[in-house]
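Trainee: Quick note, the sequences are listed as chains Z and H, same order. Just so we're aligned: 300 in the UniProt record's numbering is position 300 of the first sequence, and the numbers increase by one with no gaps anywhere. Just so we're aligned: 275 in the UniProt record's numbering is position 275 of the second sequence, and the numbers increase by one with no gaps anywhere.
FYI, nobody ran anything at the bench for these hints, they're computed from the structure. All C-beta atoms in this analysis are idealised placements derived from N, C-alpha and C, irrespective of residue type, glycine included. The hints are all genuine.
Some, not all, of what chain H presents toward chain Z, calculated at C-beta under 7 Å:
hint, residue
1, Leu105
2, Glu108
3, Asp168
4, Pro169
5, Ile170
6, Ser173
7, Arg177
8, Ile180
9, Thr189
10, Val192
11, Ser198
12, Gly214
13, Arg257
14, Pro326
15, Leu334
16, Ser335
Label-pair distances were calculated between CB atoms; the ranges are:
hint, chain 1, residue 1, chain 2, residue 2, range
17, Z, Pro48, H, Ser385, 46 to 56 Å
18, H, Pro48, Z, Arg384, 46 to 56 Å
19, Z, Pro184, H, Arg257, 21 to 31 Å
20, H, Asp387, Z, Ala225, 48 to 58 Å
21, Z, Gly276, H, Leu105, 19 to 29 Å
22, Z, Leu255, H, Asp387, 24 to 34 Å
23, H, His311, Z, Leu325, 36 to 46 Å
24, H, Met329, Z, Ala225, 38 to 48 Å
25, H, Ser147, Z, Arg257, 50 to 60 Å
26, Z, Ser386, H, Gly258, 24 to 34 Å
There are 2 protein chains.
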Amino acid sequence: MGSSAFTRRGFLAGGAAVTAGGLLAACNEAEPNEPFDENRYLTGQTIPFDGPRQAGVETPHQAHLNLVGFRLNDGLGRADLVRLMRSWTTDARHLCQGTTPPGSLEPEMTDKPARLTVTCGLGARAFEVAGVVDKRPSWLAPLPEFSRDRLDPAWGQADVVLQICGDDPITVSHTMRHLIRTAPTYATTLWVQQGFLSAQGASGESGTPRNLFGQLDGSINPHTADEFDGQVWDGDATAMVVRRIWMNLDTWEELDRGSRENAIGRRLDDGAPLSGGGEFDDVHVSALNSYGLPLVDRTSHVARAMPAPGHPEQRILRRPYNYDLPPDMSAGQLSNSGQIFICFQKDPMTQFVPIQQRLDDRDQLNTWITHIGSGVYWVPPGTRSSDEYWAQQLLSG
Amino acid sequence: MGSSAFTRRGFLAGGAAVTAGGLLAACNEAEPNEPFDENRYLTGQTIPFDGPRQAGVETPHQAHLNLVGFRLNDGLGRADLVRLMRSWTTDARHLCQGTTPPGSLEPEMTDKPARLTVTCGLGARAFEVAGVVDKRPSWLAPLPEFSRDRLDPAWGQADVVLQICGDDPITVSHTMRHLIRTAPTYATTLWVQQGFLSAQGASGESGTPRNLFGQLDGSINPHTADEFDGQVWDGDATAMVVRRIWMNLDTWEELDRGSRENAIGRRLDDGAPLSGGGEFDDVHVSALNSYGLPLVDRTSHVARAMPAPGHPEQRILRRPYNYDLPPDMSAGQLSNSGQIFICFQKDPMTQFVPIQQRLDDRDQLNTWITHIGSGVYWVPPGTRSSDEYWAQQLLSG
Numbered sequence: 001m002g003s004s005a006f007t008r009r010g011f012l013a014g015g016a017a018v019t020a021g022g023l024l025a026a027c028n029e030a031e032p033n034e035p036f037d038e039n040r041y042l043t044g045q046t047i048p049f050d051g052p053r054q055a056g057v058e059t060p061h062q063a064h065l066n067l068v069g070f071r072l073n074d075g076l077g078r079a080d081l082v083r084l085m086r087s088w089t090t091d092a093r094h095l096c097q098g099t100t101p102p103g104s105l106e107p108e109m110t111d112k113p114a115r116l117t118v119t120c121g122l123g124a125r126a127f128e129v130a131g132v133v134d135k136r137p138s139w140l141a142p143l144p145e146f147s148r149d150r151l152d153p154a155w156g157q158a159d160v161v162l163q164i165c166g167d168d169p170i171t172v173s174h175t176m177r178h179l180i181r182t183a184p185t186y187a188t189t190l191w192v193q194q195g196f197l198s199a200q201g202a203s204g205e206s207g208t209p210r211n212l213f214g215q216l217d218g219s220i221n222p223h224t225a226d227e228f229d230g231q232v233w234d235g236d237a238t239a240m241v242v243r244r245i246w247m248n249l250d251t252w253e254e255l256d257r258g259s260r261e262n263a264i265g266r267r268l269d270d271g272a273p274l275s276g277g278g279e280f281d282d283v284h285v286s287a288l289n290s291y292g293l294p295l296v297d298r299t300s301h302v303a304r305a306m307p308a309p310g311h312p313e314q315r316i317l318r319r320p321y322n323y324d325l326p327p328d329m330s331a332g333q334l335s336n337s338g339q340i341f342i343c344f345q346k347d348p349m350t351q352f353v354p355i356q357q358r359l360d361d362r363d364q365l366n367t368w369i370t371h372i373g374s375g376v377y378w379v380p381p382g383t384r385s386s387d388e389y390w391a392q393q394l395l396s397g
Numbered sequence: 001m002g003s004s005a006f007t008r009r010g011f012l013a014g015g016a017a018v019t020a021g022g023l024l025a026a027c028n029e030a031e032p033n034e035p036f037d038e039n040r041y042l043t044g045q046t047i048p049f050d051g052p053r054q055a056g057v058e059t060p061h062q063a064h065l066n067l068v069g070f071r072l073n074d075g076l077g078r079a080d081l082v083r084l085m086r087s088w089t090t091d092a093r094h095l096c097q098g099t100t101p102p103g104s105l106e107p108e109m110t111d112k113p114a115r116l117t118v119t120c121g122l123g124a125r126a127f128e129v130a131g132v133v134d135k136r137p138s139w140l141a142p143l144p145e146f147s148r149d150r151l152d153p154a155w156g157q158a159d160v161v162l163q164i165c166g167d168d169p170i171t172v173s174h175t176m177r178h179l180i181r182t183a184p185t186y187a188t189t190l191w192v193q194q195g196f197l198s199a200q201g202a203s204g205e206s207g208t209p210r211n212l213f214g215q216l217d218g219s220i221n222p223h224t225a226d227e228f229d230g231q232v233w234d235g236d237a238t239a240m241v242v243r244r245i246w247m248n249l250d251t252w253e254e255l256d257r258g259s260r261e262n263a264i265g266r267r268l269d270d271g272a273p274l275s276g277g278g279e280f281d282d283v284h285v286s287a288l289n290s291y292g293l294p295l296v297d298r299t300s301h302v303a304r305a306m307p308a309p310g311h312p313e314q315r316i317l318r319r320p321y322n323y324d325l326p327p328d329m330s331a332g333q334l335s336n337s338g339q340i341f342i343c344f345q346k347d348p349m350t351q352f353v354p355i356q357q358r359l360d361d362r363d364q365l366n367t368w369i370t371h372i373g374s375g376v377y378w379v380p381p382g383t384r385s386s387d388e389y390w391a392q393q394l395l396s397g
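Build out the structure end to end from the sequences listed, making use of the hints.
Mentor: See below:
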């Protein structure tokens with residue numbers, strides 16, 4: 001390729017997908033309400049790593065996820081965990097800023113952070129390894145068994161989880177590689193859950209991503225600082241629940257659109273509740289149509305997922321990603337798809353669990369979804385300075 | 001989320017990754033040489049589907065690949081293959097234009113084509129099924145066995161291959177889903193090879209993507225129309241070779257950068273040959289340093305891959321994607337990564353095979369790579385009108 005290739009094959013190659021609205025707003029004086037912010041579109045854009053709270057929770061969703069679950073090797077003690085955390089934190093800090101971690105010989109793989117975040121969570125056993133069981137949150141234990149769970153141990157509880165998210169798939173891949181190769185003395189990879197969302201998150205619709213059922217997923221998430229404080233943050237820490245949910249596209253797609261919308265309780269196109277209004281308006285479960293029938297089916301997903309009367313605390317931050325693996329031919333599958341459901345809250349026992357209990361009891365979507373993996377993690381506060389490591393307060397206390 | 005969420009969480013969410021150069025050029029009058037072309041950045045951007053040659057060959061690489069290999073079911077005849085091709089072509093044409101295929105109830109999953117292309121190739125057995133063996137190209141047969149091949153039948157020859165590429169991972173996923181669900185009467189999915197490239201293809205470097213060894217991969221690709229005609233197109237058809245190449249990152253990363261560059265024969269940072277010049281300049285294998293030693297090792301990858309003297313036809317269009325699967329814990333792997341090497345040429349026997357024979361004989365990279373899958377496909381001409389289907393000339397003759 002000569003230099004003319006720069007023009008011909010240049011910038012477009014590889015993932016540039018920005019919405020009409022976004023870019024036009026940036027360049028078109030006719031849309032003064034969307035000021036041009038060049039940093040929003042750069043492969044080099046970074047999310048601050050250090051801060052009172054870890055990134056990757058409130059951070060607007062990126063396109064790609066590698067969620068990695070580790071088992072801490074037998075025979076480790078607190079000092080080992082400190083070494084692992086110190087090493088991982090240093091590396092993640094560099095990677096998220098687009099700089100080369102100590103000892104890395106791959107600067108070309110680390111210089112496009114593209115909004116990379118690495119978020120660390122600890123499972124219950126990490127507190128035992130560190131000898132700090134007395135400081136373990138009471139909710140950091142296996143979730144209650146739900147009747148419809150079909151949990152596969154392959155997607156089970158890990159001792160440490162790293163949630164790696166970013167907009168550049170090479171950077172996300174290399175970051176996982178780098179953090180795994182740092183770990184083997186201390187930790188063994190149990191599983192990797194790889195997920196994606198649409199570039200359409202930037203679609204000019206609402207910012208809410210779609211899942212593989214076509215559903216806008218996460219409409220009722222918190223959005224104000226007060227809501228985040230009230231639902232998600234316990235001081236500067238939070239609790240992460242990971243559920244792997246298989247979705248049966250074959251039978252789902254046998255439904256007509258009306259039946260799909262009825263099962264969800266929202267319109268497919270814009271996510272508006274079937275009781276009316278826009279995507280972000282409240283769902284009115286008692287609203288009736290002209291025949292006196294409920295507009296929102298009482299067994300629809302939204303009706304069952306909404307907080308119980310008198311329990312406004314039953315809200316969570318959903319941050320799910322889609323997965324799509326090659327179908328299992330031996331099982332006659334046409335697809336092997338679903339969702340890596342990640343949610344954040346103060347206390348899973350009073351937030352996720354009652355919601356999931358209602359869904360498990362009765363949710364029309366249960367016909368087409370099955371929970372096949374589960375885990376709960378404590379997400380420690382952020383690192384307040386560049387020499388602090390994840391969970392330092394816990395581990396150095 | 002209220003409407004304020006539009007601004008707060010809006011366009012960035014989900015994969016917007018455009019280079020500094022590209023966007024600044026679009027908006028910054030100080031760079032007049034890069035005129036603003038709004039269509040280059042839109043999720044809605046389409047690649048024309050109909051035309052004398054199929055898209056997905058010369059098309060600048062997109063970020064995501066789902067390569068699907070199908071086996072034609074037993075007992076089919078030409079009429080069945082025609083029905084399958086007609087159906088797939090109609091669907092692919094709609095999907096690539098961002099419109100909803102007949103019978104699809106998922107318009108929300110098909111309205112962001114983001115440069116989607118679907119490219120169809122036929123394996124040798126498809127000609128038998130259709131009863132047109134007499135029209136089968138002589139090269140459409142298993143490749144010669146290379147001594148270092150460790151082929152896994154799981155990644156073997158298919159009867160039909162669909163190469164689905166696009167910049168929006170949801171669209172790529174749904175397109176695969178849609179085309180697989182159309183197929184079961186006629187064809188069974190043998191394998192799916194999922195790959196990615198960096199949003200960095202749009203990095204402001206050269207447009208050449210990196211592989212997971214950090215190497216700019218494809219520098220010597222054709223770029224002029226004459227070069228494409230000379231190397232790639234046989235009339236309006238072409239030949240596709242698919243090789244799955246496992247890359248041992250663990251041992252590769254034990255090398256210092258000098259050793260890595262020596263094995264490749266190019267600089268890691270900018271892809272320039274070690275004999276000097278820029279990425280797209282010729283490699284001079286006889287160039288010597290001041291000690292009289294070769295600048296480009298004779299056993300380096302570039303030295304072995306370049307056309308043999310007097311054989312300028314030994315050139316191909318490389319269009320590879322990276323893969324990165326969860327490591328196999330039971331095998332003690334730290335990574336399970338590599339490349340879905342796809343190349344296009346007039347005739348694999350006189351182009352790919354002699355190149356690969358030289359590499360198989362002696363290529364420093366062989367220490368770290370292993371070919372584990374192989375297949376050869378005839379890529380029929382494009383559809384010249386919106387009522388033509390793939391391979392119509394072959395199947396209706």
